[in-house]
Every structure is written in C-alpha cells, then in structure tokens.
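So the protein lines, in turn, are chains A and B. Residues 565 to 1152 (this note's numbering) are what the first sequence spells out, left to right. Residues 565 to 1152 (this note's numbering) are what the second sequence spells out, left to right.
These aren't lab readings, by the way, just hints derived from the structure by calculation. On a predicted model such as this, the values are computed, not experimentally measured, just so you know. Treat the hints loosely; a few may be bogus.
Identical copies look the same in the list; a pair holds intra-copy or inter-copy alike.
Said to hold, decoys possible - Dumping the calculated DSS-like pairs for lysine-lysine here, alpha-carbon to alpha-carbon at most 30 Å:
#  : residue 1 : residue 2
1  : K794      : K811
2  : K893      : K1120
3  : K1083     : K1047
4  : K1146     : K669
5  : K690      : K847
6  : K811      : K917
7  : K1150     : K690
8  : K1068     : K1001
9  : K689      : K729
10 : K804      : K1047
11 : K1083     : K1068
12 : K785      : K1084
13 : K729      : K1132
14 : K844      : K1068
15 : K852      : K690
16 : K653      : K1001
17 : K689      : K852
18 : K716      : K941
19 : K653      : K1084
20 : K678      : K1084
Protein chains: 2
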Amino acid sequence: MLNEKLLKLRNEMNQKGIDAYIIPSSDAHQSEYVAEYFKGRRWISNFTGSAGIAVITSDSAGLWTDGRYFIQAEKELEGSGFDLFKMAKEGVPTYSEWLKSVVKKDGIIGFDGKVISVSAYDELKKGFNDDNFKIQYDLLESVWDGRPNFPKEDIFIHDLCYAGKSVIEKVDIIRELYHSHGADSYILSSLDDIAWTFNLRGSDVLNNTTFYAYALIEDNKTTLFTDQNKLNEEVKLYLKENKIVLKPYDKVADTLSNLEDKNIYLSPDRTSIYIQSLLKNNKVIHNKEITTHLKAVKNEIEIQNSRECYLNDSIALLKGFKNIEENFKKTTITELDVEDIIKNERSKIDGFKGISFDTIAGHKDHAALMHFKANEKNTYTLDTCGFLLVDSGGQYLNGTTDITRTFSLGEITPEQKKDFTLVLKSVITLSRAKFLKGTTGYKLDMLARYPLWLEGIDYKCGTGHGVGFFLNIHEGPQGFSVKKTHDLPLEIGMNLTIEPGVYKEGRHGIRTENTVIVKKAFTNENGTFYEFETISFFPIDINSIDPSLLNTDELKWINSYHTATFNKLSPHLNADEINWLKEKTKQI
Amino acid sequence: MLNEKLLKLRNEMNQKGIDAYIIPSSDAHQSEYVAEYFKGRRWISNFTGSAGIAVITSDSAGLWTDGRYFIQAEKELEGSGFDLFKMAKEGVPTYSEWLKSVVKKDGIIGFDGKVISVSAYDELKKGFNDDNFKIQYDLLESVWDGRPNFPKEDIFIHDLCYAGKSVIEKVDIIRELYHSHGADSYILSSLDDIAWTFNLRGSDVLNNTTFYAYALIEDNKTTLFTDQNKLNEEVKLYLKENKIVLKPYDKVADTLSNLEDKNIYLSPDRTSIYIQSLLKNNKVIHNKEITTHLKAVKNEIEIQNSRECYLNDSIALLKGFKNIEENFKKTTITELDVEDIIKNERSKIDGFKGISFDTIAGHKDHAALMHFKANEKNTYTLDTCGFLLVDSGGQYLNGTTDITRTFSLGEITPEQKKDFTLVLKSVITLSRAKFLKGTTGYKLDMLARYPLWLEGIDYKCGTGHGVGFFLNIHEGPQGFSVKKTHDLPLEIGMNLTIEPGVYKEGRHGIRTENTVIVKKAFTNENGTFYEFETISFFPIDINSIDPSLLNTDELKWINSYHTATFNKLSPHLNADEINWLKEKTKQI
C-alpha cells in the first residue's frame, strides 16, 4: 500500500540531499504535551500515541515506541508504510543504531533541530560525525497539507496575589544562580518555566496554561520572545513596567546569533540543538534548568492558594459525585457523562480556566488501564457492579489540582475490597512518614510499595509527581519515583501527589490520590525532620475498606482524615450535601 | 616538642629528594582491617583510630581523619608534631588540596605505591602531573625501628563441604566474566576475594581469615603469589592438583612487569597503583572486582552451612548470656568479663577459629557508642540498672556470625522500653519485606528507618552489611546503605545483617541485629518477588518490649520468631537451659 505523505516527504528529502529524516514527538520546547502544530509524527505515521519517533529513508520507514503502545501502534501503523520497532525489546535496535546500519558513512541525516534537544542530539551523534547531520530543515512545512496553525492564544498576567513572587524577584534569584555557575546569561526554552518566571499564562497547549515563547535573561536585560499579537495593552504595559523587552518569537534566532563573548547557561535537556547551534561565539554552560527547581518549591502564598484551591475543587467534585451516585440507577450515566458532570461542577468555581488533564473515568475493567480515555465507542454505562475510578483535576488561577477517588457503585468482591484497602494502607504509610532533611522521593517511594509488595502487588509507575501551580500537571524535579533519576532531596514547599494503585487487567483498577506539601516537622539532636501536609480533602470510600486489614495507626489516620474532611468541606455545603458527606466520612 | 620518628623520616625524604610523603591507613591490598606491619600511620603519628592519612613535609605534618575520631585524634596527636585536619568540615582542605598549597610546582610527592589504590591515586593526581609523584618508596622500611614482621601465618584449605564450589569452578566463571569485558587476564589483590577464589584461609590479620597474597588469572594459567613458607605439603599438593602455579609473594612484580600484549582486568578500588604501574605493555580494563560479586551470592552449600553455623553460635551465646544473667548479681562481672565469657562459650564449638571482630559489650551509656571497646580502665561492672548490649560473632569453618542483642539487666525507664520497642519494630518491618527483583538495599533501608523516624530517632550508619562466609565480617556489594553507593540490586543468596539502633549519648544504646538471606518468594503477573530468610535465632528481650506499641503483624512476627527460636535451639540444650529459653521466648 502507498502512503502519499511518505512519498511527498521522500521527494523533499531527495531535493535537499537528505538520506534519512527524523520526526520525533516533541515540540520546540521539549514539552510533555504539545500543540497540534507539532504533531507531525502522528500525521505522517497515523500512530496516535503520545511517545514515538519516526525515521524515514528513501526505501524504508520506522516507528519507535515503548511498551505502553505496542498493541495500539501495530494496529495504527497498518498500511502506513512504517515498520514498528519495539523499544527496549531484546534484539530490537534503537533508532540511532538503526540509522547507523542503514545510512552510508557520508550519508546525511536531517531533522528539524528545534524539536530535538541538545541531550538527545548528543546521544544520537555517537558513532557519527557532525557532517552527517543537517539540523535546519523542517520538511513538514512544505509536505504537510493542512498543517494546524502555530498556536496564538492570548497571554494574560498571573496576578501577584496568586503567584506570590514578582518577575523582578524571580529574575534576581535566577541571575544569582547562573552567576554561581560562572554564567552571565541564561536561555530559557521550557514553557512552564517561562510562564512561571514572568507570571504570565496562556493556553497554547490543551489543558496546559503555557504559551510558546523563549526567554533570554542577561545581567542587564531580560527579553521575552513571543508572538506580539498574543498580548493586549495591559500585558504590554506590565512587561514594560518590569523592564522586560518584548521581541517576536521568530526573532530569537537573530538575537542569539548576534550574542558575543557571553557565558550562556542552558539546560541541554530542555533546549533544542537548533537554539544551541546559534550560540557560536559564546561559551555554553550546561546544567539543569534553574527555574525548574525554583518553581518546584512553592512559596507561602502559592501554598495558601493551593489549600483554598484544593478545597474548592473538592466541593465541586463532591457535587459531581453526589449527583452521579444518586442518579446512575435512575438514568443512564456513561463514563463520558461522568467527565462532563464533573467538569461542569468545576467550571462553576471562581477562577476556573479548564481541566488540568484529560479526565480518566473508568468503570469496571476500564479502570485497570492506568491512562484510560473513554470515547463514544467504548464508553460503559455505570451499573451497580464494581468500582468507578475518577482521576481528574482543574486549572484555577489559585492552583492546579489532581485527585483520584475510586468508589464502589454497589457490589464489590472480597478481592476488590482487599485491594482497595491495600491501596489505602499504601497512601497512609507514605502520608504519615517523617523523614530526615536530605531524603529523596525515590527512597520514600519504598514506603508506598511496602503494603502492596507484601501481597505480591505492584503498580508499574512512580508513586507520585510534582504538580504545577496554575501550570503543568506534571512537574519536576520532585517525585516519588520508582527508579532513581536524580539525587535531589525533597525540600520544604515542594508538592507531590501520592497515588498508588492496583491494576488487574480485564478485572478492576483502584487508585487513591492525594496531593501533599513537604513541611518541617521538627529539629532535634538527630537532625531536621520533614513531613507531609495533605491538602486534598475528599472522602475515601469507607464501603470499600476492610477495617480488619488496618492497624491502629492506620485506622486513626483514616478516621481523623475523614473528620478533617467533614470539618473543612461542610461549611460550604447545603444541608443535603452535609448529610451525604456525613455518611461518607463516618468513623470506621 | 620533638617527634624523633618525624625527624628520621624527614632525613630519608631529604636524601630521596621527596618534598611531601603520604602514609595512609591501608595495607597493600586495600583491606578494611590490616596487619600490624602496615600500621605505619599509627606508628608515626600516635593516632590509633582505624581511618586516617598522614602527610609529612620538611616543615609540617598533617593528619586527616573523620568525625568519629576528632576528639580521640586531638588527644592522641598532642606532642606528635602533627596538626589535625578534620575531614569534611567546612573550610578544612582535603589532604590533596593541602598538598597543592604546600608543594612547589615541580615538587616531589612520595608514598609507598602499594598502599594507595589506583582510584585514590587518580583522585590525588588531579591538579598535579605524573612527574610530581614518586610512588616506589616505602620509607617506613628504613625509619621504623621495630617494625612488626610481615605476617606469615599458616594457610589451610577450606574444604569443599563448606565452600560448596571448587577453585576450578570459580576460576572458570571468573574467566567467562572477564572475557565478557574484553579481557584475557585478571589481577586479584583483595585478600578476601583471593581466599574465596582459592578456597584457602589464613590468619594474617586479626579476626580475619585472610592471608597476604596476589593472584593472576590468565586463560591458560592461574598463579597464586604468597609466601611459600605458609603452605604445608597438603596445601601445595592441593594447588598442584588444581593446576595453580605457586610463586613467592614478592615475585608478583617480576611476573607482571614481564606480561605483554595482555588485556588485563583489575579493580581500581582494590588494586594498588604500584601493581598497575607494572603493567606497562598491556591494556588495562578497569571495573568492579568480579569475585566480590560472585562471593556475595552464597551458594546452597554455604547457605546450609550458615544456617547450622548460626544455630551453633546461638547455643554458645545462650550459655554465655545465661551465665551472665544468673551470676552478675552474685559476683563481679565487668564488660571485659562479658567478652571473655562469650568467647569462651564460642570456643567450645566445633570448627571455631576465633572471634570475627572485636566484641562490643556495652553497659548503660557505653552502649551509646556505636563501636565501644571496653578496656581495663573504662570497663563497667554490670549492675541491675539499664541495658547490656552485646555485639559479637565468631569465625567457624562453616560460616562467620554477627549478632547483637540488648538485654535489660533489671530496671529500665519507660523511654528505654519505648526505644527498645521501636528498634524491634524497625527490625520487623524490614525482615517482613517482600520486594521486586531489582530492588536495591539502599531503597529497602527506608523500611527500617520508618518506625524510628516517625519518632524523630535516627542511627547514623547503614542498616546492615553483607557478611563473609568464614571470611571478613563486612562484605559487599550488598548492604542496607543509608546513602546510595551503587545501583546493584539484592540477589538471591546474598546475606545481610539487619541492625538498626537507638544511640543516646550519655544515656543508653540499643541495637538488635539478625542476619538474613535473600530468597525467592514467588513469581506472578507483577514480576518476581524476593524475601528474607532470617538465620539468627536468639531471644529478643521480651521484658524490654512494650507490646502496646506493636501492631498485630508485628506481634505475630515476634511471637512466631520466638516459637521458632525455641524449637530450633531447645533440642541442643539441657533441661536447665530449656527452662531458661522457655521463659525468654514466652509469647507476648
């Protein structure tokens, strides 16, 4: 079968003298979620998964993706002209190994240098010469008919009463930190870091509050590169008042090419090889994104806002859940309806700006898929058998929420009850922890797995992640990671989700997720100890708990958690809702 | 004040044109414990601690040691002519930084290249040139009057019924592994690795079963370099039968200098720079010691022997403890006496070859010092107030033991009882763990700290270490380390101690230590899970436990542990001892 798109691309490759062309999944800022404009890999291969790399030569085409997507990719790639390469499977070459085997010694490998990071390029380059690469061609520009427009949504100011720290304060700290690394300027490409630094938000990417931009921070000057049409007069005035120079998005190339004799700090993981290639007359200093770490440590005003935000979010969630529970036996409610009902309640909250990620509403075996997304074809109608798992969140001016609850809709099996209780034990064990300053999330992850591992159960992901503040749903460097990715310990003010689960394919899925903030517990002769403050208050289904599996400390925790939940939420509810909540937060 | 030894050394340095001379604490094999012959640093500085580095120039002398020894070193260095440098303290230079500041650009730094590892030399060399170093001079040889003799204790065969694997089998695997790294020969310097490989034992170092030797394993030849006088005819015949070439210890230099065109595998952490400097005409491949990892995974015969060994050891310990408990009120028993009583009981066991480390017998506040060693001056006489902590072990043909118990001798405070119970909770939490294949000891360490950290208590060391098999008391790479030192997961057959503690300076110290072996629990859809088999069976003081602090699982664990202890030990005891044990293993 013939893939017209491939034909056109090969034609372009031929004209430009390119032997192999790479199309990854990322955007020009190495974002986790990208605008439609950047979904070229999906366009050319038909593969819709979030992670994958396409590589095309004159006579072959390959798509590399990971274990999550093997089945889906096989189906979607049918007739596309692409061969599937299963990443990390024994005997399957990586795309760079494959390139080495199919590209001649003096062959030319091309790609759009904006969508490949410095780190990825360094990895790819091993075994090749610089001469093997042409990194300036975005061939999709000429071959992709109907390519979506580059996003140009409005940018707005994130008020100081939410953000807590002004752009001037933030830039001052950034300068201090890049100086400490011997730099005198700093290029920022990562979108949430830019949004955080400038206290600006946008909506260029679905469910995110970021906008496409670059920033250059020098000792005496701060420049923001973004589409001028996105800014109204208020924002322009704000930038002026804060002495921020505004330049068009595309002018970043001019500006960077003309920099000279600078020591420029940048993160190779978050900056494209294209951007770095512009800095010919400068010394480049590679290190972690400075702002990512600063942003991860929430300030007091962000924390206070988050507490309120999570409370409001829980009230909306409560109204949604109550509605579902009271009506699903009388009328038809599907998983898709659950998404709508909850989104509708959230949208009534002051400061609501959209949901923070695609809602996961999974009934029965659907919940066993960690990232289930219901659609018109597959959606279940709720019935009284088994669980309903809802993982959802909102974007609000005063924070970003992420919460999962799993409720029994009627009958559950003893196995399901046991699994639910084990997940609860897991949440409690980690939530109660006190830990010495200097402890990593990687080490603490062990505590959440302990009760599940005792029963031979594991979830194949980390226990939790950092959450943005009116920003991305996933944020680093903090996290309860299952594998060690870095040495950075948890710090006071970092927030994290705690979200262990049980996933039994074809049967059921259970996840309970709260968000916590690291705070100081006490200092004594052994050192300074930290602990977690839980800021999610929402009932955990007591009907699904087997109290005989909980020890005294765990029973005490769940009961006092429910008391606090009742006390915090009830002042904002009507009598009917209070009764509902009272029942849900009964002591066990 | 004048240090004659320093004067003599400086004289020698002057004659040899050396500007600075380094004397570390290690021996020629980077051993943890070293023979008296190698204790030159102690001799010249008077500092008796186990870790420290002396550096001498024409007009100054410095001694570097770590936090454990600051107070002791200050006292001992008085009048020695040495200045104390407190390692890891802010503002204190490392010895290599200090050398950089005092040695001229073309100055000469000398040391005995045998006692500095390749890794340590690489670290030291930074900021210097190779020309700055003279690594062949052991100046102590001429200045140290009355230097102890190089040890020459007998070497004997560790029978296959204990070792489980023959030297031929072991060398075959070693060859396979160095081949997989592109090597065709392997130099072994680490003494316990050599003893393990050849199934030979000695007693050159106090409490250890090693002997001074090098080994060279080539594809068609295995050479052992050691003092011929140490071997009787039986051992010589054994070597011959196993096709092992025997050469004198000192001939290692000749042999290695004459090797050519080899790809030689060696561990830079365990091999001296002197040895490496001999390999001029060869390619050297650096990596972890192959044998250390092989040795860490005990084979079935070693495991079965260890079980028996720990049982016999517990019986001796029981007789000792019973004697102490029944007599300390009637007669004077000091901490030193406790050491003797227990050693005496152990020595009656078949196959006993000595204790495996200096016994720690600490009463009251003495036990708060993690590595307390009683002497004639400081020893306490036992009374009915507080705890007695005994950490001890034996070297037997069928294993090496390491066990700690803390017993109340009469009255303990509620705080002491709580602390004792917390330590027990810590032991139980980790001992009960099930964990996915691939999990590191570093991650599991968290489980032991959890119950203590909840109460703001920490112990400033790892939770446990590997134990040799009729070999060194400390063995790697396995361990429940507090800091991450490597990525190696625990494997089936590895043994480890679990030994959390509470140490309150000037008040009390509590430690409970068992040894466990990693074994497979089960495989299911989530992967393969491992668990621990405890092989130490000895009562844990029930009078010091507050059962109200234990949850159901913990109560179940301690009661079933005591049932097993009674069942395993009682068949080997007389009626009187059985009664004593019954009382000690009562259900709570």
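A quick look at each hint next to the structure:
Only within a single protomer do K794 and K811 lie at most 30 Å apart by alpha-carbon distance; the minimum there is 12 Å, versus 82 Å between protomers. In this assembly of identical chains, K893 and K1120 lie within 30 Å of each other by CA distance neither inside one copy nor across copies; the values are 34 Å within and 45 Å between. With identical chains, the CA atoms of K1083 and K1047 are at most 30 Å apart both within one copy (24 Å) and between copies (22 Å). Within a single copy, K1146 and K669 get their C-alpha atoms no closer than 72 Å, and across copies no closer than 79 Å, so neither meets the 30 Å cut-off.
Taking the shortest alpha-carbon separations for K690 and K847, both the intra-copy value of 22 Å and the inter-copy value of 24 Å come in at or below 30 Å. For the homomeric pair K811 and K917, the shortest alpha-carbon distance inside one copy (27 Å) is at most 30 Å, but the shortest distance between copies (80 Å) is not. With identical chains, the CA atoms of K1150 and K690 are never at most 30 Å apart, being 61 Å at best within one copy and 66 Å at best between copies. Taking CA atoms no more than 30 Å apart as the test, K1068 paired with K1001 passes between copies only; the shortest distance there is 20 Å, against 36 Å inside one copy.
In this homomeric assembly, K689 and K729 never come within 30 Å of each other (Cα to Cα): the closest approach is 41 Å inside a single copy and 46 Å across copies. With identical chains, the CA atoms of K804 and K1047 are never at most 30 Å apart, being 45 Å at best within one copy and 49 Å at best between copies. In this assembly of identical chains, the alpha carbons of K1083 and K1068 lie at most 30 Å apart only when taken from different copies (26 Å versus 35 Å within one copy). Proximity of K785 to K1084 under the C-alpha cut-off of 30 Å is found in neither arrangement, the shortest distances being 37 Å within a copy and 61 Å between copies.
Proximity of K729 and K1132 under a CA criterion of 30 Å is satisfied intra-copy only: 28 Å inside one chain copy versus 66 Å between copies. In this homomeric assembly, K844 and K1068 never come within 30 Å of each other (Cα to Cα): the closest approach is 53 Å inside a single copy and 60 Å across copies. For the homomeric pair K852 and K690, the shortest alpha-carbon distances inside one copy (22 Å) and between copies (25 Å) are both at most 30 Å. Taking the shortest Cα distances, K653 and K1001 sit within 30 Å of each other only across copies (19 Å), while inside one copy they are farther apart (39 Å).
Taking the shortest Cα distances, K689 and K852 sit within 30 Å of each other both inside one copy (21 Å) and across copies (29 Å). For the identical chains of this complex, K716 and K941 are neighbours neither inside a copy (32 Å) nor across copies (82 Å), given an alpha-carbon limit of 30 Å. For the identical chains of this complex, K653 and K1084 are inter-copy neighbours only, at 25 Å across copies versus 44 Å inside a copy, given an alpha-carbon limit of 30 Å. In the homo-oligomer, the alpha carbons of K678 and K1084 never lie at most 30 Å apart, since the shortest distance is 42 Å inside one protomer and 49 Å across protomers.
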